[in-house]
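Number of protein chains: 2
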Amino acid sequence: MQDTPKGNRLHIAIFGRRNAGKSSLINRLTNQEIALVSNIPGTTTDPVYKTMEILPIGPVVIIDTAGIDDAGQLGALRIERTMQVLNKADLAVVVIDAGSGISEFDWEMIELIRKKAIPAIVVMNKMDVASIDEQILAGLSVEVKLPVLAISAKTGSGMEELKRQIIKQAPENWDNIPVIGDLLNPGDTVVLVVPIDLAAPKGRLILPQVQTIRDILDHDSYCIVVKERELREALSNMRSLPKMVVTDSQEFLKVAADTPDEVLLTSFSILFARHKGDLATLVAGAKAIDRLQPGDRVLIAEGCTHHRQADDIGKVKIPRWLRQMVGGELNFEWVSGGSFPTALTDYQLIVHCGACMLNRREMLYRLSEAREKRVPIVNYGILIAHVHGILQRALKPFPLAQMIFEEG
Amino acid sequence: MQDTPKGNRLHIAIFGRRNAGKSSLINRLTNQEIALVSNIPGTTTDPVYKTMEILPIGPVVIIDTAGIDDAGQLGALRIERTMQVLNKADLAVVVIDAGSGISEFDWEMIELIRKKAIPAIVVMNKMDVASIDEQILAGLSVEVKLPVLAISAKTGSGMEELKRQIIKQAPENWDNIPVIGDLLNPGDTVVLVVPIDLAAPKGRLILPQVQTIRDILDHDSYCIVVKERELREALSNMRSLPKMVVTDSQEFLKVAADTPDEVLLTSFSILFARHKGDLATLVAGAKAIDRLQPGDRVLIAEGCTHHRQADDIGKVKIPRWLRQMVGGELNFEWVSGGSFPTALTDYQLIVHCGACMLNRREMLYRLSEAREKRVPIVNYGILIAHVHGILQRALKPFPLAQMIFEEG
Numbered sequence: 001m002q003d004t005p006k007g008n009r010l011h012i013a014i015f016g017r018r019n020a021g022k023s024s025l026i027n028r029l030t031n032q033e034i035a036l037v038s039n040i041p042g043t044t045t046d047p048v049y050k051t052m053e054i055l056p057i058g059p060v061v062i063i064d065t066a067g068i069d070d071a072g073q074l075g076a077l078r079i080e081r082t083m084q085v086l087n088k089a090d091l092a093v094v095v096i097d098a099g100s101g102i103s104e105f106d107w108e109m110i111e112l113i114r115k116k117a118i119p120a121i122v123v124m125n126k127m128d129v130a131s132i133d134e135q136i137l138a139g140l141s142v143e144v145k146l147p148v149l150a151i152s153a154k155t156g157s158g159m160e161e162l163k164r165q166i167i168k169q170a171p172e173n174w175d176n177i178p179v180i181g182d183l184l185n186p187g188d189t190v191v192l193v194v195p196i197d198l199a200a201p202k203g204r205l206i207l208p209q210v211q212t213i214r215d216i217l218d219h220d221s222y223c224i225v226v227k228e229r230e231l232r233e234a235l236s237n238m239r240s241l242p243k244m245v246v247t248d249s250q251e252f253l254k255v256a257a258d259t260p261d262e263v264l265l266t267s268f269s270i271l272f273a274r275h276k277g278d279l280a281t282l283v284a285g286a287k288a289i290d291r292l293q294p295g296d297r298v299l300i301a302e303g304c305t306h307h308r309q310a311d312d313i314g315k316v317k318i319p320r321w322l323r324q325m326v327g328g329e330l331n332f333e334w335v336s337g338g339s340f341p342t343a344l345t346d347y348q349l350i351v352h353c354g355a356c357m358l359n360r361r362e363m364l365y366r367l368s369e370a371r372e373k374r375v376p377i378v379n380y381g382i383l384i385a386h387v388h389g390i391l392q393r394a395l396k397p398f399p400l401a402q403m404i405f406e407e408g
Numbered sequence: 001m002q003d004t005p006k007g008n009r010l011h012i013a014i015f016g017r018r019n020a021g022k023s024s025l026i027n028r029l030t031n032q033e034i035a036l037v038s039n040i041p042g043t044t045t046d047p048v049y050k051t052m053e054i055l056p057i058g059p060v061v062i063i064d065t066a067g068i069d070d071a072g073q074l075g076a077l078r079i080e081r082t083m084q085v086l087n088k089a090d091l092a093v094v095v096i097d098a099g100s101g102i103s104e105f106d107w108e109m110i111e112l113i114r115k116k117a118i119p120a121i122v123v124m125n126k127m128d129v130a131s132i133d134e135q136i137l138a139g140l141s142v143e144v145k146l147p148v149l150a151i152s153a154k155t156g157s158g159m160e161e162l163k164r165q166i167i168k169q170a171p172e173n174w175d176n177i178p179v180i181g182d183l184l185n186p187g188d189t190v191v192l193v194v195p196i197d198l199a200a201p202k203g204r205l206i207l208p209q210v211q212t213i214r215d216i217l218d219h220d221s222y223c224i225v226v227k228e229r230e231l232r233e234a235l236s237n238m239r240s241l242p243k244m245v246v247t248d249s250q251e252f253l254k255v256a257a258d259t260p261d262e263v264l265l266t267s268f269s270i271l272f273a274r275h276k277g278d279l280a281t282l283v284a285g286a287k288a289i290d291r292l293q294p295g296d297r298v299l300i301a302e303g304c305t306h307h308r309q310a311d312d313i314g315k316v317k318i319p320r321w322l323r324q325m326v327g328g329e330l331n332f333e334w335v336s337g338g339s340f341p342t343a344l345t346d347y348q349l350i351v352h353c354g355a356c357m358l359n360r361r362e363m364l365y366r367l368s369e370a371r372e373k374r375v376p377i378v379n380y381g382i383l384i385a386h387v388h389g390i391l392q393r394a395l396k397p398f399p400l401a402q403m404i405f406e407e408g
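Chain order of the listed sequences is A and B.
Going by the UniProt record's numbering, the first residue of the first sequence is number 1, and it counts up by one from there.
Going by the UniProt record's numbering, the first residue of the second sequence is number 1, and it counts up by one from there.
Among the hints, erroneous ones may be present.
A pair counts as met if it fits within one copy or between any two copies, since identical chains are not told apart.
To be verified - In silico BS3-like links for lysine-lysine, alpha-carbon gap of 25 Å or less:
1) 227 / 243
2) 115 / 317
3) 202 / 168
4) 243 / 50
5) 116 / 50
6) 315 / 145
7) 315 / 168
8) 373 / 168
Simulated from the structure, these hints should not be mistaken for laboratory data.
Predicted model, so just to flag it, every value in this text is computed and none were measured.
Just need the whole structure built from these sequences, with the hints factored in.
Below, the structure is given as structure tokens:
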């Protein structure tokens, strides 16, 4: 994940006075779950760029402005530095000590941010010791013309709501992350294994396959498109091995047998779980399947209300596979369409569809909801990979998700 | 074209008494334009299967039943043989000597055909000497419950109408011919050159590219999808050269330079001109561009009424290219949508769109109309290939069209 180009990461600038709790907030955002934090060093007054993974938002760059904050007013030099940071930021978070209230410095920051028209969130921190009621918060929000949240970086209260606000306020197209391109270098080759079965639309390819081909070309790589039966022949016709093989999940075992160990191997489902949501959160959800007990409640959520087929994946196949893994009956409930229930705590697992009718932002919201309620959530593609025993090998291109799988 | 698998060809069975003019009809259908006729020999009483090209219908198999016809009644053996032919026929043509009228043999044939529910056409031949008026024809059609046409195989009158009836009566899906698969053997590799320019839809490939990939996979071959800049590298990474390179027309010259001479090279436009219509007729139309004179009338026909862009191909680019080739002004007229004018004789050239909104049958009708009026017709893709000087090399995979280009 550290290889994700900075350009594909949401850049979040954290502002605030020295005592407002910026560091605690940053630590809490990353939730100590992630070891993959790298600091790009600067001088003491330069902002620090930290590339990290915030679940379920995904790879981000946190711009830690500790070097340019101050208790007093902004001098000309600090204004210049702040503007330089804002030129790079997709989104700004202003951290305020709720006990001290909004200082002159904070007001000037908010003014600068609004002048640059950067999406921003104001957080009133240290709510474990301060007290601000809803009415005052709403009044503040009107006053600063930005969303205002009450949180405690120390206890973690309000953090999931902050993440949801980050997702909500992030600019258009931020969530348009590559399908595969960030895993490739120019000139790399990828082999795509596309079985042609009865489910394939006549004369076409399914959209995820087309999107993957296009993303490979967009990143100056190229691909070989092959049915599973011709894979071995195609590989033997290459002078140098491909960087990666991507296969339809249903052919994974055959393809794994034909793919040399030194070649990365994954599935379209896993690429799109990442493209549409957050792979690490979904992999943690897959691990929760192993802890399910007979009688547990499982919510199956679909993003649209499609016409159900006889052997419907959400109604028939997934319940069957889960019962087999658990070795007993489970209590399934289903929801579909634009709504996602708020009473999630009743469930031991949420199984979500591939979200082809939802955008990434909506899916991240749902993942965030589940995380807040501490309910494991997995999607169809990751679940299928897990119940078929192929998830571990298919995660090799994704170190963070692999780590979560192996340690979870 | 002789390589077109029999399964992809329309099978037309020609029945009729010995003196009805079956042979003349078959000769006239193929119009002596085509040398590529191969007879599969049988015993004297077996039907003969002739694979040939009928313009603009495309590759067909004519089942010549000369061996089983008779002047009298059908015996049990002949009925059995007729039924065997009907089991293989997509369409039947019953040829009747208009001077003699419908014989007992003809009635029995028509009965057998109707019993098998094979689409069929009755032709009253020898109209150069016989005379049947429209009213009698209409009455006959009601009587035999089939379309009845008056033709003269000797003079050629009515032949284009017969071809149009063949196109019209041919069964569903007959016109669903492969994009490229009939040119490949299992295990062949094809390199597809897909430039990513501003016109490419974001995150997708255009449909003809997707259809070509799918058709390659459907025919147990596989493909390498590459931008023009990576073509040379992709070729050098292959242990054995590909069977064919298919490129977007706009990159043809660069791709031709990077493709070894022993590799077949064509364009998506040419594959789809063939898939959607009849390549040989369109290539003959392209040759007619060379004979255009300043002041000539050119009809530009589009199958749909799309939103025109500033640099519209039909309104701006094609007129500009044609003026440059002719070295003077031309009189352009435009039609669009579902209608195709009947007064075609006023034009020296028809330029038709790629017909993405029309099915093959509709396009073949229009080609047939133009052929009957002896007006050359070309489509956008073939015209572009010709004005850019790439048509000759791009026709190498298509011997008949290549012959027409070189001799026309």
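- Unmet hints by their number, sorted upward, for this structure: Hint check: 2, 4, 6, 7 fail, others pass.
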